[in-house]
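These protein sequence lines map, in sequence, to chains A and B.
Sequential numbering of the first sequence, starting at 177, is according to our numbering.
Sequential numbering of the second sequence, starting at 177, is according to our numbering.
Where hints are given, some of them may not hold.
Here's a subset of chain A near chain B, in silico, CB distances under 10 Å, partners left out [said to hold, decoys possible]:
1. Tyr218
2. Trp222
3. Gly282
4. Arg413
Keep in mind that the hints were calculated from the coordinates and are not lab data.
Where a beta carbon is used, it is the ideal one built from N, C-alpha and C, also for glycine.
Chain residues, written in single-letter form:
Number of protein chains: 2
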Amino acid sequence: MSKTILIVHAHPDPSALNSALKDVAVEQLQALGHRVLVSDLYAMGWKAVFDEHDFLDRKDVSRVSFVDESGHAYATGTQAPDIAAEQEKLAMADAVIFQFPLWWFGAPAILKGWIDRVFAYGLAYGYQGAGNTYRYGEGGLAGKIALVSTTVGGPAIDYRPRGINGPLDELLFPLTHGALFFAGMTVLPTHAVYEVGRLREGSAADMFEHWRGRIRRLFLDDPISFRKQNGGDYPDRHVLHDAVAPGRIGLTAHVASTEEGDREPIFASPRVSAEQRT
Amino acid sequence: MSKTILIVHAHPDPSALNSALKDVAVEQLQALGHRVLVSDLYAMGWKAVFDEHDFLDRKDVSRVSFVDESGHAYATGTQAPDIAAEQEKLAMADAVIFQFPLWWFGAPAILKGWIDRVFAYGLAYGYQGAGNTYRYGEGGLAGKIALVSTTVGGPAIDYRPRGINGPLDELLFPLTHGALFFAGMTVLPTHAVYEVGRLREGSAADMFEHWRGRIRRLFLDDPISFRKQNGGDYPDRHVLHDAVAPGRIGLTAHVASTEEGDREPIFASPRVSAEQRT
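Given the sequences, and given the hints that come with them, work out the whole structure.
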């Protein structure tokens, strides 16, 4: 069945690897009969900075409460038009692909600003005006697939479980878990290409073929098994039950292991890197 | 001895808690005889988006390589003037305080864009044109103190070692370790105020007094004990030596425990929250 996919793309150069990955995704999705929407943030001149000008009918002009004004503007249809337009694309989308270069171990500011501005109160948090009742696995974006695809300058070895940068899945946890899963999305394992400066023709061909495979399996691949807030693992909605991942602390405790009790990372990212290909 | 402190501030409302924390820091530092520089990013209309217009003399106009163009522009004095101005403040600063509201478990886009644009190749990475030789504890910003101060909407319980959001220190690791320590800075434990919507007069007074204490101890407090790349823990500059934090994986393995072998988080953030104060 034909689906709608939104690609949020964050690189200004049409000849860059990120743009090539975006183009390959568009081609592959269209070949499968899907409808593709692209938010090319640099080409659109996307406003990255969330500020009071995004609220066209202020609830309280004496102060700037982003939570209150975002909720009011979203509920009353008085958000800045560019925010509303992105939310309309999101509403139509069955899946969203985020394509960006990893800068300082996170998304470029233009993409962070897309999250900051588009993920409004009432939609991506404070769903149904019910505080934190529906976060992490439920909420305004529930039922939608999310796939993060990033290019990394450094070698994969730096991102190993004991690599000096830390594992990529933990570095991207604020995005994958804290924004996308928080808002209800079903998040696939991150697609990462390492050592982009060293890609050679042969390995680039393999890498693109791997990426085409990820795109073909967009609605088939198993997601990261982030624990749902209301699935029983957090009886008070705040802290893991003692019997869940006993003794584990930190970010990875919020991902269910294939075998409970594993201490290995459990994001199961299919990694592609120059290192592995050579 | 009088020092120079740069405060990078990311909230548009002068009456907001973040602005009050910034004002308190300015007052306290000036009372101590220090010189204070403030980069009030919203007030300055800071350009968040790093793009090709930031390079006034392109090395290669046929493509946009941020690494190559950033290195060329930094080396030849052809960066956008607003970037160069921030780097001049950085060069003068003995310490830098980052003050921002936590949005989607990270810095607002305007502050991420400050890092993206100001942390140039040759300064914050690729120091001395030597690739990754001097990162993590050495580099262009070595000798400078960094203090991250953030306000959090949610309750502290959500950020406990097994709290549903994950520990704040791990969520901010891409900033504290991946950007500030990477560039050589000495990073203090993060200052966080939780449940900012529920601050009452009494607890706010306590919170500000605690913050004044942090400011007074800016050059005295022990930093987070991130492991230096070239201190012996990473013999190949990529992966932890087997004998260091044996068996530990993930982000927290890169912070030395007070007692080696501890499994508890070791960032030692002095936390202040409404929860703890009531």
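Verification of the supplied hints:
{"no.": "1", "hint": "Tyr218", "result": "6 Å, holds"}
{"no.": "2", "hint": "Trp222", "result": "8 Å, holds"}
{"no.": "3", "hint": "Gly282", "result": "5 Å, holds"}
{"no.": "4", "hint": "Arg413", "result": "7 Å, holds"}
Checked against the numbered hints given earlier, this structure breaks none of them.
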